[in-house]
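J.: Sequence:
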Amino acid sequence: MIMNKKNGTVFIIFFTMYLLSDIYIPDIFLYLFGGVFGTIAKWIGTTKMFFFLWFIVLFGFVCLHFKVQNHFFKITIIILLWALLYLVDMFFNEIVTLEYSNRFLRYSYIGLSSFFKSIVLTFIYYKGVKSK
Numbered sequence: 019m020i021m022n023k024k025n026g027t028v029f030i031i032f033f034t035m036y037l038l039s040d041i042y043i044p045d046i047f048l049y050l051f052g053g054v055f056g057t058i059a060k061w062i063g064t065t066k067m068f069f070f071l072w073f074i075v076l077f078g079f080v081c082l083h084f085k086v087q088n089h090f091f092k093i094t095i096i097i098l099l100w101a102l103l104y105l106v107d108m109f110f111n112e113i114v115t116l117e118y119s120n121r122f123l124r125y126s127y128i129g130l131s132s133f134f135k136s137i138v139l140t141f142i143y144y145k146g147v148k149s150k
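Take the sequence shown: its letter number 95 is residue 113 in my numbering, and every next letter is one higher.
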């Protein structure tokens with residue numbers, strides 16, 4: 019992905035959105051979507067498919083973003099993808115367990131996860147715009 023001025027601006031917007039939400043309302047989307055997908059996984063009868071279910075929904079919205087031509091629906095799907103990409107935080111939490119008593123480690127973790135989520139979302143946005 020070649021970063022030009024437009025995509026750099028989109029990346030900065032996504033990064034700022036992730037930073038602000040992680041600093042001021044930490045883990046709210048993680049709990050919200052985790053609860054929704056956890057409940058659905060219980061209804062299905064297995065809680066072992068939690069990550070798989072979340073990934074399938076995320077993948078479905080990415081494919082839908084590439085197919086939809088209406089600008090309003092594309093923006094709506096990007097906002098949903100923004101929230102669904104908290105799956106990246108779930109993977110980070112599974113791999114690295116940090117104590118948040120150290121303020122520097124907490125903000126480093128927030129910055130790193132926000133950076134990766136923003137890169138992924140910018141890539142999805144860029145590919146969706148390019149596929150028109």
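Keep in mind the hints are simulated off the structure, nothing from the lab.
Check each hint, because a few of them may be wrong.
[Stated by the list, open to error] Distance condition first, Cα-Cα at most 25 Å in a straight line; then the derived SDA-like pairs of lysine to any residue: (1) K145 with L82; (2) K23 with K92; (3) K24 with N88; (4) K24 with T34; (5) K145 with W61.
[Claimed, not checked] Derived DEER-like restraints, expressed as beta-carbon distance ranges: (6) S126 with L48: 14 to 22 Å; (7) K23 with H89: 14 to 22 Å; (8) F110 with T64: 19 to 27 Å.
In this text, all values refer to a predicted model and were calculated from it rather than measured experimentally.
In this text, a Cβ means the ideal position worked out from N, Cα and C, and glycines have one as well.
J.: Could you run down the list of hints and mark each one as holding or not?
T.: Hints, verified against the model:
For the hint linking K145 to L82, the alpha-carbon distance of about 12 Å falls within 25 Å, and the restraint holds. Taking the CA atoms of K23 and K92, the gap is about 21 Å. The hint holds against a cut of 25 Å. With a C-alpha separation of about 20 Å, the suggested pair K24 and N88 falls inside the 25 Å cut-off, and the hint holds. This hinted pair checks out: K24 and T34 have alpha carbons roughly 15 Å apart, not beyond 25 Å.
For the hint linking K145 to W61, the alpha-carbon distance of about 35 Å lies beyond 25 Å, and the restraint is violated. Checked against the given bound of 14 to 22 Å, the beta carbons of S126 and L48, roughly 18 Å apart, stay inside it. In this structure, K23 and H89 meet the distance hint of 14 to 22 Å, their C-beta atoms being roughly 20 Å apart. Under the hint 19 to 27 Å, the C-beta atoms of F110 and T64, about 24 Å apart, fit the expected range.
The structure does not agree with numbered hint 5 stated previously, though it agrees with all others.
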